[in-house]
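**Student:** Take a look at the letters that make up each chain.
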Amino acid sequence: MSLDSKIPHGEMDKKWTDYKGHVKLVNPSNKRKLEIIVVGTGLAGASAAASLGEMGYKVKAFCFQDSPRRAHSIAAQGGINAAKNYQNDGDSVFRLFYDTVKGGDYRAREANVHRLAEVSNAIIDQCVAQGVPFAREYGGLLSNRSFGGTQVQRTFYAAGQTGQQLLLGAYSALERQVALGNVTIFKRHEMLDIVKIDGKARGIIARDLVSGDLERHFGHAVLLCTGGYSNVFYLSTNAMGSNVTAIWKAHKQGAYFGNPCFTQIHPTCIPVSGDYQSKLTLMSESLRNDGRIWVPKKKDDNRKAIDIIEEERDYYLERRYPAFGNLVPRDVASRAAKERCDEGYGVGSTKLAVYLDFQDAILRYGKIEVGKSGNTGTNEQEIIKLGKAVIEEKYGNLFEMYEKITGENPYEMPMRIYPAVHYTMGGLWVDYELKTSVDGLYCLGEANFSDHGANRLGASALMQGLADGYFVIPYTLGNYLADDIRTTSISTSHPAFEEAEKIVSERIIKLMGIKGNQTVESFHKRLGKIMWEKCGMARNAKGLQEAITEIQILKKEFWADVKIPGDINEMNTELDKAGRVADFIELGELMCVDALERNESCGGHFREESQTEEGEAKRDDENYSYVSVWEFKEESDWQLNKESLTFDIVKPSQRSYK
Amino acid sequence: MEQYNMNLTLKVWKQKNSKSNGSFETYQVKDISSEMSFLEMFDVLNEQLIKAAKNPIAFDHDCREGICGMCSMYIDGRAHGPWTKNTVCQLHMRAFKDGDTIVVEPWRSAAFPVLRDLVVDRSAFDRIMQAGGFVSVNTGNAVEANTLPIDKNDADASFDAASCIGCGACVAACKNSSAMLFVSAKVSQLALLPQGQPERESRVLNMVAQMDKEGFGNCTNTYACEAECPKGISISNIARMNRDYLKAGLNSAE
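For the record, the sequence lines run as chains W and L. Its first residue numbered 1, the first sequence is counted upward by one per residue in our numbering. Its first residue numbered 1001, the second sequence is counted upward by one per residue in our numbering.
Bear in mind the hints are in silico, worked out from the structure with no lab data behind them. All C-beta atoms, glycine included, are put in the ideal place defined by N, C-alpha and C. It is possible that some hints are incorrect.
[Claimed, not checked] Listed below are the simulated DSBU-like cross-link pairs for lysine-lysine, each with C-alpha atoms no more than 30 Å apart in a straight line:
no.	chain 1	residue 1	chain 2	residue 2
1	W	K394	L	K1051
2	L	K1097	W	K502
3	W	K351	L	K1019
4	L	K1152	W	K367
5	L	K1097	W	K525
6	W	K6	W	K24
7	L	K1054	W	K556
8	L	K1054	W	K555
9	W	K556	L	K1051
10	L	K1019	W	K502
[Claimed, not checked] Quick partial rundown of chain W residues pointing at chain L, CB under 10 Å, derived from the structure:
no.	residue
11	G21
12	L25
13	I74
14	K187
15	N238
Could you build the full structure based on these sequences and the hints that come with them?
**Tutor:** This is the structure we're talking about:
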């Protein structure tokens, strides 16, 4: 199969407009006859399902949680970017486009990114209209803040709960369509396979997680909006249930996987405290607006942070990257923290942490407040109190979250932070229309590979999820369905459905029949350890080759010795998990294969063999300016196809934040 | 904070499915670190049970950072356990000491049937949302965002109401199983914003009607919901909803 990205011809800033002007349409009476399956109800899934329902399609939406409102988009903290230029600081669609391509280290498609920037403003309008309570200024207008990797203030936010507010907006639009009869929701359901008829995606096999029953669902098209796969690392900032199963099943049915190794390690997370750790918690990147990151200048310094005077602190980001300081992009900040800790300057009991300190910001804000009130005689304690109140308003819930987890008060002592896996830029390969290499099968949001290249900028995930769901798929899906209006609903007793259900059922029976000695959790932890050590923040050929062998051994062991209690026909959370971990193991191998093939450093992918003398990442445009598009052949065997990337507007340069 | 280990006795509600009767079972866990989260302690217990060829305890959880609203345990007589403004997943074991006995139950309410062990069905909340918890604006209908200035105080109050995570602790904490705090939070969020005005009256009437239909009880002003709400949603939202409801009722009777 050829890789046609279907990028429209013409000027960059006209492509999307031209596409929309010429795209095929489906008339309203035909829309009513067309059924669409949407898997996942996060920002991409909920916004797509709601919008398609509004347009008149018959939509079935699936989520594994007990309500669509729980999808993990809800945990996004910091904000959502848009090119409104409300701050009059020189922002524009072009700047947002430029920053995103550059931030992605020139491994994203220009045309997709430009479209993303173009629709960004409409997203903010839509969310405000839905009643999303964004932060506002005293004049009643929307407030903005800055985020890593940019020099303008374009991030819209709702305290540290932006994802929650955006998702609840999309969820309410979705529930409205349920009430109107346009959308049916299947909760506590997990998609376990795609059903293909004559090469086209025509439905799914889903498992009811309460009864354990398998169900067949037909759709003229299937949309996968199932999020990222960071949990392949076991420990990540993702929710416990976040998994790769839906897109992995699609991959094995012919959907290509793009850039699987592109993983984002977020610099500011609460460090691991022990072996029992089940997940990691992010502290929003927005904290880097006001927090200063440092370690002691002396190795193995065990003094308390407050006992270390200014001269003995190494503000290493400000030292190494004076232009961007604490606001360098995520990959740069993460590697810099790892470098300091590897050299022995880490803090805390595990020595795998650095400080994020708010003392300067508290004083600065306190003084501003004093200035506003005109009480020049205010003493230092009063100033600090006023400053803390400002910090509380900005980041209150984050500080509270930190204190609950660690038992330490971050207003008094600096936070301890360390990088953690947070987001996966890789995902199913899609063309400009968000269609995978399987006809009728689409992929939206974090689950696809398309917009962030090798590194995603902060506050861009929410933007992409909603762009895909509200403003892209409603146009592009019609272009496919317009030719499908003569297809009547296919009965789920069709042999293809029977065959698909049989395969799913046999796999479940096989899993339950192993009756081994090791728990699902223990396999997941072992996989995570291999991935973190050998396919994590820094990667090299030797480690990756070892990891591939280790994962293959782990896979054999899993299928011979996993222990799953309970029965098939009941709520069985261990069985749910087992299926997901089995898929993660296979994905882990592909990630290592991909990381090994890409012998360059770019974005979140740091190959130790490809660095400058100063230890900065070295990209290799001559040899690797392409998307790695992996085609599944058979177990442990993939074919690499390359979609070469051309840059007409943003000419690649070595990223420098110095 | 000093780390310490503890041995605990757990009495946990076990129930095979919604049709069967449940009962408490007693479990022992050893060497639990004070730095673990409460759910990590449950992970340890479940691993222990699986190894002993027993069924693990089913419980709802997902984000484990206090925002998705999925976790729902009634611990020692309190929704989400002993800490205030906190979800179960954020509760840490330093809240307990060596030798403690901890009783863990599911949310108890006729409107939240138990599906298994500590897992309940909260679909009633989704149906209340379907009755009116939205602004009727289709994608593409929106006007430019800054053409609609909103008083910061109103926007902030709306945000406070909107921070509800829909976990159902308010219902579990209430002796009447009232869902007034949940419903009033959504009603208030939209009532405080200009976008919510066109449907303000129909929204409150329809949402309250659905709430009653689901079998939630009445509010008798005990304030237990506010005390146990992990997000500190204020009881003043209920007062606002009652005013709106009364006004809307009078108008619709005309």
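**Student:** Of all the hints given earlier, name the ones this structure violates by number, lowest first.
**Tutor:** Violated hints: 1, 2, 3, 11, 12; rest satisfied.
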